[in-house]
Amino acid sequence: MGAVKLLFVVQRPPYKSENPRLALTHAIASQTAEIYMDDGDSVVPIIAFVGDGVLNAVKDQQAMKIYGVTSTEDHIKNSLLIDMPVWVCKEDMQRLGLKEDQMITEAEDRGAELRTKFVSFAEIQKEMEAVQHLLFF
Amino acid sequence: MGAVKLLFVVQRPPYKSENPRLALTHAIASQTAEIYMDDGDSVVPIIAFVGDGVLNAVKDQQAMKIYGVTSTEDHIKNSLLIDMPVWVCKEDMQRLGLKEDQMITEAEDRGAELRTKFVSFAEIQKEMEAVQHLLFF
Amino acid sequence: MGELTLGVFPSLVGSMSLDFSFKIAEAAVAKGHKVNMWLSGNAVMMAKKGQKAFKDYSHNEKKMKELIGKGMEITVCEACAEARGYHKEDTPEGMKRASMDWYLAKTVKTDRLFHIGGE
Amino acid sequence: MGELTLGVFPSLVGSMSLDFSFKIAEAAVAKGHKVNMWLSGNAVMMAKKGQKAFKDYSHNEKKMKELIGKGMEITVCEACAEARGYHKEDTPEGMKRASMDWYLAKTVKTDRLFHIGGE
Amino acid sequence: MKLAVFLSDWRRTEDSFERIKADKMGVVLVGNGIYHAVVKENGKDSPVLSKAGASFYVLSDDLETRGYTAAQVNSKVKVIGYGDIVDLIMNDYEKTAWL
Amino acid sequence: MKLAVFLSDWRRTEDSFERIKADKMGVVLVGNGIYHAVVKENGKDSPVLSKAGASFYVLSDDLETRGYTAAQVNSKVKVIGYGDIVDLIMNDYEKTAWL
Numbered sequence: 001m002g003a004v005k006l007l008f009v010v011q012r013p014p015y016k017s018e019n020p021r022l023a024l025t026h027a028i029a030s031q032t033a034e035i036y037m038d039d040g041d042s043v044v045p046i047i048a049f050v051g052d053g054v055l056n057a058v059k060d061q062q063a064m065k066i067y068g069v070t071s072t073e074d075h076i077k078n079s080l081l082i083d084m085p086v087w088v089c090k091e092d093m094q095r096l097g098l099k100e101d102q103m104i105t106e107a108e109d110r111g112a113e114l115r116t117k118f119v120s121f122a123e124i125q126k127e128m129e130a131v132q133h134l135l136f137f
Numbered sequence: 001m002g003a004v005k006l007l008f009v010v011q012r013p014p015y016k017s018e019n020p021r022l023a024l025t026h027a028i029a030s031q032t033a034e035i036y037m038d039d040g041d042s043v044v045p046i047i048a049f050v051g052d053g054v055l056n057a058v059k060d061q062q063a064m065k066i067y068g069v070t071s072t073e074d075h076i077k078n079s080l081l082i083d084m085p086v087w088v089c090k091e092d093m094q095r096l097g098l099k100e101d102q103m104i105t106e107a108e109d110r111g112a113e114l115r116t117k118f119v120s121f122a123e124i125q126k127e128m129e130a131v132q133h134l135l136f137f
Numbered sequence: 001m002g003e004l005t006l007g008v009f010p011s012l013v014g015s016m017s018l019d020f021s022f023k024i025a026e027a028a029v030a031k032g033h034k035v036n037m038w039l040s041g042n043a044v045m046m047a048k049k050g051q052k053a054f055k056d057y058s059h060n061e062k063k064m065k066e067l068i069g070k071g072m073e074i075t076v077c078e079a080c081a082e083a084r085g086y087h088k089e090d091t092p093e094g095m096k097r098a099s100m101d102w103y104l105a106k107t108v109k110t111d112r113l114f115h116i117g118g119e
Numbered sequence: 001m002g003e004l005t006l007g008v009f010p011s012l013v014g015s016m017s018l019d020f021s022f023k024i025a026e027a028a029v030a031k032g033h034k035v036n037m038w039l040s041g042n043a044v045m046m047a048k049k050g051q052k053a054f055k056d057y058s059h060n061e062k063k064m065k066e067l068i069g070k071g072m073e074i075t076v077c078e079a080c081a082e083a084r085g086y087h088k089e090d091t092p093e094g095m096k097r098a099s100m101d102w103y104l105a106k107t108v109k110t111d112r113l114f115h116i117g118g119e
Numbered sequence: 001m002k003l004a005v006f007l008s009d010w011r012r013t014e015d016s017f018e019r020i021k022a023d024k025m026g027v028v029l030v031g032n033g034i035y036h037a038v039v040k041e042n043g044k045d046s047p048v049l050s051k052a053g054a055s056f057y058v059l060s061d062d063l064e065t066r067g068y069t070a071a072q073v074n075s076k077v078k079v080i081g082y083g084d085i086v087d088l089i090m091n092d093y094e095k096t097a098w099l
Numbered sequence: 001m002k003l004a005v006f007l008s009d010w011r012r013t014e015d016s017f018e019r020i021k022a023d024k025m026g027v028v029l030v031g032n033g034i035y036h037a038v039v040k041e042n043g044k045d046s047p048v049l050s051k052a053g054a055s056f057y058v059l060s061d062d063l064e065t066r067g068y069t070a071a072q073v074n075s076k077v078k079v080i081g082y083g084d085i086v087d088l089i090m091n092d093y094e095k096t097a098w099l
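Chains as they are written, first to last, in the working numbering: chain H, 1 to 137; chain F, 1 to 137; chain Z, 1 to 119; chain G, 1 to 119; chain R, 1 to 99; chain X, 1 to 99.
So here's chain H without its partners, still in its complex pose (with noise of 0.2 Å):
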């Protein structure tokens, strides 16, 4: 098959549910997915923040100081880490009154040297067109 290219789509704010998390989470294991593939296949995630999904994105989360857990900001800068194409949808921040300086935009301190990206729906939809399997959230 080669290089399967999947789209996790984030549609909801954080820590109502698990399930902004766990997209990362899944989205950051195709790292290690190849123990079960067969040579040359490989699984080339993406992770787009759409909708109320957005606020997910938005920085200095102190999740781990108030309630010792994990925050979504600490995964989305370990997607980067990984270079994981982490995309933000512009229109859903222009709509919640979020901006840029306001969110997630590099983990440099991790060492991370790709960026999140702010894209239009239009690039979303092109990449939804574009992968092979959609999985939202």
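Because the hints were derived from the structure by calculation, they are not lab data. Only a predicted model underlies this, so the values are computations on that prediction, with no experimental measurement involved. Cβ coordinates follow ideal geometry from the N, Cα and C atoms, glycine included. All the pointers check out, no bait thrown in.
Some residues of chain Z that are not near chain X, with every Cβ distance over 10 Å (derived):
(1) 49
(2) 70
(3) 99
(4) 109
With a Cα cut of at most 20 Å, we get these calculated SDA-like pairs of lysine to any residue:
(5) 109(G) with 87(R)
(6) 21(X) with 92(F)
(7) 109(Z) with 44(F)
(8) 62(Z) with 85(G)
(9) 34(G) with 91(R)
(10) 77(H) with 31(H)
(11) 109(G) with 94(R)
Just the calculated beta-carbon pair ranges, DEER-fashion:
(12) 53(G) with 43(X): 49 to 59 Å
(13) 106(F) with 75(R): 24 to 34 Å
(14) 97(H) with 51(X): 18 to 28 Å
Chains F, Z, G, R and X: place on chain H using the hints.
Just chains F, Z, G, R and X, lined up with the frame of chain H:
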């Protein structure tokens, strides 16, 4: 304390969550609560279905036949059997296009004398004010 | 000082509603109130001991034990627990198991009822 | 005949989404498709054997075992299970435990992915 | 793309449904999503049924569980069973989206 | 009645909040309910904040968990902690409603 009145309010449709069912089973449990109470004390529950919660009171639910799970209808009928008032908000029925003949109105087959009461939200509001505690589901 | 009874039913594990409930209980106990807690529905997940404390998950067992030590009564819905395969021997120390009537009875004498029953 | 992979994450126990997933799996197996099922998040509640079959609760253990007997592969998220206190010895017969990469790997060869991840 | 979209809620908390486009789209109403097929709130069809170009399906098991029957279903919507859903996924559509 | 109402969701799926009347009402925004205190969707305050006669509170712990601070909170809303919620329940209000 004497008799303490409780109002159980169910605001959402059945089956998507365990909550409407738990509202009914908890309210019914008032029947056996006296083992934990002093002589002369009692709890007097009313259950009211409001908003989309009125969909819980649509009759002929086939949950047992199809999924092997007790229907919400079954619990509502048991409530009538133990003389627990079951109220359904009229305005919400109207909004959702529900006629009385689609609704659970009685449980005569089980020997229940009490019937479902179709009430206005104003009556439910009045009861909210009259009871000691509110339990929203 | 008063008596506060918490009914905790959060349908969503991972929703932080359990964490909220324990923080409220902790704050009430700290202020000298008597606190009762009823765990029902999916909140009975607290009735399974031996939960691994991953950083990715809320872990309230320690706080719960501290609060029990300070006099909080905590009771779990027995049927809800059994339906999930949590038996008597799974129950953490100090937690009681009872039927729903326990919760109903608590509403009689408590000063305030805080029923957390939404989605 | 094709291969269908179901990813089951329903956040709400009592939501009937698990029942839905098993009915879909059953219908697909009946049509001769190869079916894989991944249980994650709160759907790992299936990974605790000894659940009492109350009429008030969905009970999918029997159907699950039948489907495993007919060749359905069913794997549960190991970390999600441990976080809830479900250990290896709690796992029903025939169910596998693995990390999330098992699910990701299944997406490569499967004809269709049906990811049930919403609320 | 050929996309089968599943809606399992009555009060929806996402807006992806309104935004996603597909050359061929099937909308499968399951769980509490069945209310879109049978309830006319304030006398009006559910906005879900106005998705342009889509085909609509409702799961009969979930209708009957909630006290509704095929006779009450909106004429835009086809009543189907679990086996039909499998056929839609395996034969008629290429991708699925559970919103 | 004196009623403390708790909202823990951003997209709400009930309409009790709009309908309930109380002589004295406190609206406590917790969990994802905090977004009503900080997000202006399309530049507008959340409709929740227009509930007539109510006092509004937001839980600081849940603000910070989600990356917001007291400085971003709508001026109609008072930022409080867990201890304050206990005081509201035990002293200022008589009944609670978690919607």
